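**Q** What follows is each chain in one-letter form.
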Amino acid sequence: MVSFAPGTWAARERQTVMPIGMPYHLEKGPTLRILELHLNRSRDEMRHILGRLRASQGASAAAGTVGIDWLLDDPATGGVPSWWSHPAIQARDTAGTGGRAIRDQLIEKWFGWSNTTTGWKPPDPGALTTGYWIAYRGDVEGIVRRALTWTLELALGLEPGDEGQGHPDPWTIELFWKCPSPWFEAWVVPRPSQRLVTLTLVTPSHRGSNVSETPLAASETTTLAAVSHPVPSTQRDYAVLGTANPPGAAKRRRAMWVVTHSNHVADTAHPPITTNTVESADLAEWGIPQLRIYVGSSPVVVVSPSMEAGGVREDGTVS
Amino acid sequence: MSDGSHETFRETFLDELRARDQEDLYLRLEGSPGDLLDLVTSDDGFREDLSRADALSFLKTLFEPQRGEESWQATAERSGRLGEAAAGTEWSFEGLHVHDDVFNGIRATGRPVVVRGFTIMSLEEERFKVRRYVDWAGLYGQLGLTVNWRVPLENPLPPEW
Numbered sequence: 001m002v003s004f005a006p007g008t009w010a011a012r013e014r015q016t017v018m019p020i021g022m023p024y025h026l027e028k029g030p031t032l033r034i035l036e037l038h039l040n041r042s043r044d045e046m047r048h049i050l051g052r053l054r055a056s057q058g059a060s061a062a063a064g065t066v067g068i069d070w071l072l073d074d075p076a077t078g079g080v081p082s083w084w085s086h087p088a089i090q091a092r093d094t095a096g097t098g099g100r101a102i103r104d105q106l107i108e109k110w111f112g113w114s115n116t117t118t119g120w121k122p123p124d125p126g127a128l129t130t131g132y133w134i135a136y137r138g139d140v141e142g143i144v145r146r147a148l149t150w151t152l153e154l155a156l157g158l159e160p161g162d163e164g165q166g167h168p169d170p171w172t173i174e175l176f177w178k179c180p181s182p183w184f185e186a187w188v189v190p191r192p193s194q195r196l197v198t199l200t201l202v203t204p205s206h207r208g209s210n211v212s213e214t215p216l217a218a219s220e221t222t223t224l225a226a227v228s229h230p231v232p233s234t235q236r237d238y239a240v241l242g243t244a245n246p247p248g249a250a251k252r253r254r255a256m257w258v259v260t261h262s263n264h265v266a267d268t269a270h271p272p273i274t275t276n277t278v279e280s281a282d283l284a285e286w287g288i289p290q291l292r293i294y295v296g297s298s299p300v301v302v303v304s305p306s307m308e309a310g311g312v313r314e315d316g317t318v319s
Numbered sequence: 001m002s003d004g005s006h007e008t009f010r011e012t013f014l015d016e017l018r019a020r021d022q023e024d025l026y027l028r029l030e031g032s033p034g035d036l037l038d039l040v041t042s043d044d045g046f047r048e049d050l051s052r053a054d055a056l057s058f059l060k061t062l063f064e065p066q067r068g069e070e071s072w073q074a075t076a077e078r079s080g081r082l083g084e085a086a087a088g089t090e091w092s093f094e095g096l097h098v099h100d101d102v103f104n105g106i107r108a109t110g111r112p113v114v115v116r117g118f119t120i121m122s123l124e125e126e127r128f129k130v131r132r133y134v135d136w137a138g139l140y141g142q143l144g145l146t147v148n149w150r151v152p153l154e155n156p157l158p159p160e161w
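Chains P and L are the protein sequences, given in the same order. Quick note: the working numbering has the first sequence finishing at residue 319, numbered continuously throughout. Quick note: the working numbering has the second sequence finishing at residue 161, numbered continuously throughout.
Accuracy of the hints is not assured; some may be wrong.
To be verified - In silico DMTMM-like links for lysine to aspartate or glutamate, alpha-carbon gap of 25 angstroms or less: (1) P:K121 x P:D139; (2) P:K178 x L:D43; (3) L:K129 x P:E285; (4) L:K60 x P:D139; (5) L:K60 x P:D282; (6) L:K129 x P:E279.
Stated by the list, open to error - Facing chain P, according to a computed beta carbon distance under 10 angstroms, are these residues of chain L, among others: (7) W149; (8) E154; (9) P156.
Simulated from the structure, these hints should not be mistaken for lab results. Here the structure is a predicted model, which is why all the values come from computation and not from measurement. Built from N, CA and C at the ideal position, the CB exists for glycine as well.
Extracted from the complex, chain L is given alone in its bound form:
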C-alpha cells in the first residue's frame, strides 16, 4: 500500500529465504501463484520457511531477536494444510523492544516480548496472499500499552452544524 499504513519489507524477506536456501525456489515460483500455493500445501518445510521469512521481514524491524535462529519458531502439530486450498503456520517470536520510534512512534522500552501468530497462505483473486492472525492485544499488553476504555460515541449535532 502506498498510503503509509503498510510497508513492504521485500529485501529482508529475501534475505531470510536465502538464509534457508529457499530464495531461488521462491523467485522461480513468485510469478506463478498456483504453483507457489501447490508447493506451500505440499511441502511443510517450504511453507514454514516462507512463513518465517514473511514474519521476520517485519518483526526484525521492530524487535531484536533474542534466541538467534530459534527466535522464530513454528508449531508443527498445529500447522499444515487447511481446507481445499490453503495452508497455515502457527508461530511465535521472541524479541527485545530496543528500536526507537518504529513501533507506531514509541521509544524503546527494553522489554522482552513474545509475538504469537498464525499465518494463512492461499490464493485470493488469483493472487498469492497471506492472512496473519497476530495476537496484537497480547503484544500491546507486553509493551505496556493500555486501552482507553472510553468509547467516543456519535451524538446529535445542533441543526446549524
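For reference, chain P alone in the conformation it holds in the complex:
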C-alpha cells in the first residue's frame, strides 16, 4: 500500500485539477479536448486567437512585459471567451479562481514560467530542466506557440503572418499528446481533403507520468486510493472492440483506438542484461544491457480509452 504524506510532491499532485499524466502513450483527454473546443470557432474568432498568438513573444518579450498573453488569456478579448472559462475547467478549479489556478499550473509545469510578485517570468536559463519535464530543457512555450500559430494559419488558409482572406470556412483542428520523446516537438499535419489540421505535441516524460502495462480498464475511475498513478478507467465511452460494450464502434463520431497486447510483462529470464548487470560471468563472456525487455504475449486487443484516461468521448463533450 502506497501512502502520501501531506505536503509531499505526490500528495500535492493528487490534489491538482490539471491532468498530470494519463496511463497511455498517446492522449487527448480533457485538457486537450477543451483546447480543441477553444480553437474550433467561427472564422473571425479563430483569427482573433491567431492574432493574440502572433502578438505574443514569449521569453523574447521586452523586459518588464508579459510574453504569454495568448496563454494567460486574461482578460478575454475580441468576444472570444477565455480558454480557462470552460465549464469543465471551472468545475475542476476547486480553488474557485475562475480557472486561473489550473492555468497557472499548466504554465508552470509545461512551460517552466513562474508567477512572481512582479509578474510572470520565463524559465531560469540556469535551471537544469524546464517545468516538470524530466531530462529536458527548452523553450516549450515557444514551440507550442509557434505550433498553434501555424495550426491556426493552416486551418484559416493563411501563409505565415498573412492577413488576407484565407478560407471562408476554417478547417477543423484536432490535438494529440504523444509521450515520451527525448525532447519537446510539435507536428502540424494538414489534410486538405478532409479540411483537417492535426497538431501532435510530442513531449519528454514528466514527473509522475507512469503508464499502464495494460490498455484494458478494470477501474471505474482513473484514480485508485492505493496507487499514485492514473489507471485506465471504464468511464463513459470506454470501449473494447469485439466485446459487448458498446455496439456500433464503427459509427462512433470520435474515438482513439489503441491496438496492442492486452498486457505486457517483463522478461525475467535474463538478469545479466536487464536487472543484474554485474551477475558473475566467465572470462570473455559478455552481454549488453537492454535494461527492461517487455513481452506482449497476451491476446491483441483494440481499445478506446475513456476521456478521463486520455481518450475522447463519442460526442466530444468534456463536462
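Here the structure of chain P is known, so what remains is to put chain L in place on it, guided by the hints.
**A** Relative to chain P, chain L alone:
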C-alpha cells in the same frame, strides 16, 4: 549462455593474452581455478593483463580503440587483492563508436566514448568467475541514449482477462 543475451569472445580474449605473453600461462591454469585465482591475487601484472584481455575481448567488438595500447588502462592505486579470496581491477577504455549494429542494433554514431569499469575475479561454486561493474549508464549517455522515464506499472485486469 546460449540464449543470445550473452556471447563468449574467447578467440579475441586469447589474442589479447598472447599479445602480453600471458596466453600459455593462462591456458596452463585454466583448468585449475584455485591456482588461477592464486596467481591473480598474488601477481598484479597477471591480474591486470587478464582483466585487460577480458575487457578488450568485448569492447573491441563495439568500439575502435583510440589510443593504441593505451586505449585500455588500469588504475593501479585502486586495484589489487580484495577480501579473503578475490582481486579487482579498476579500468577505463577509450574508443570510437564506428561499428554498425553490434551495440544492441544501433548504427554507428561516430562518437568517442570512455567506458569505465571495475572487474572482480574470484571463485564462485569452485569456478573462476568475473563480476564487472561497468558504468553502463554513463556509456549510454555518451552514445546519446536516453531513458524513457515513464515506468509501466501493473494494473488490475478486468475479470474476463
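**Q** Look at each hint and say if it fits the structure.
**A** Taking the hints in turn, this is what the structure says about them:
no.	hint	verdict
1	P:K121 x P:D139	holds (13 angstroms)
2	P:K178 x L:D43	violated (56 angstroms)
3	L:K129 x P:E285	holds (10 angstroms)
4	L:K60 x P:D139	violated (40 angstroms)
5	L:K60 x P:D282	holds (18 angstroms)
6	L:K129 x P:E279	holds (10 angstroms)
7	W149	holds (4 angstroms)
8	E154	holds (5 angstroms)
9	P156	holds (4 angstroms)
Comparing the model with each numbered hint stated earlier shows that hints 2, 4 do not hold.
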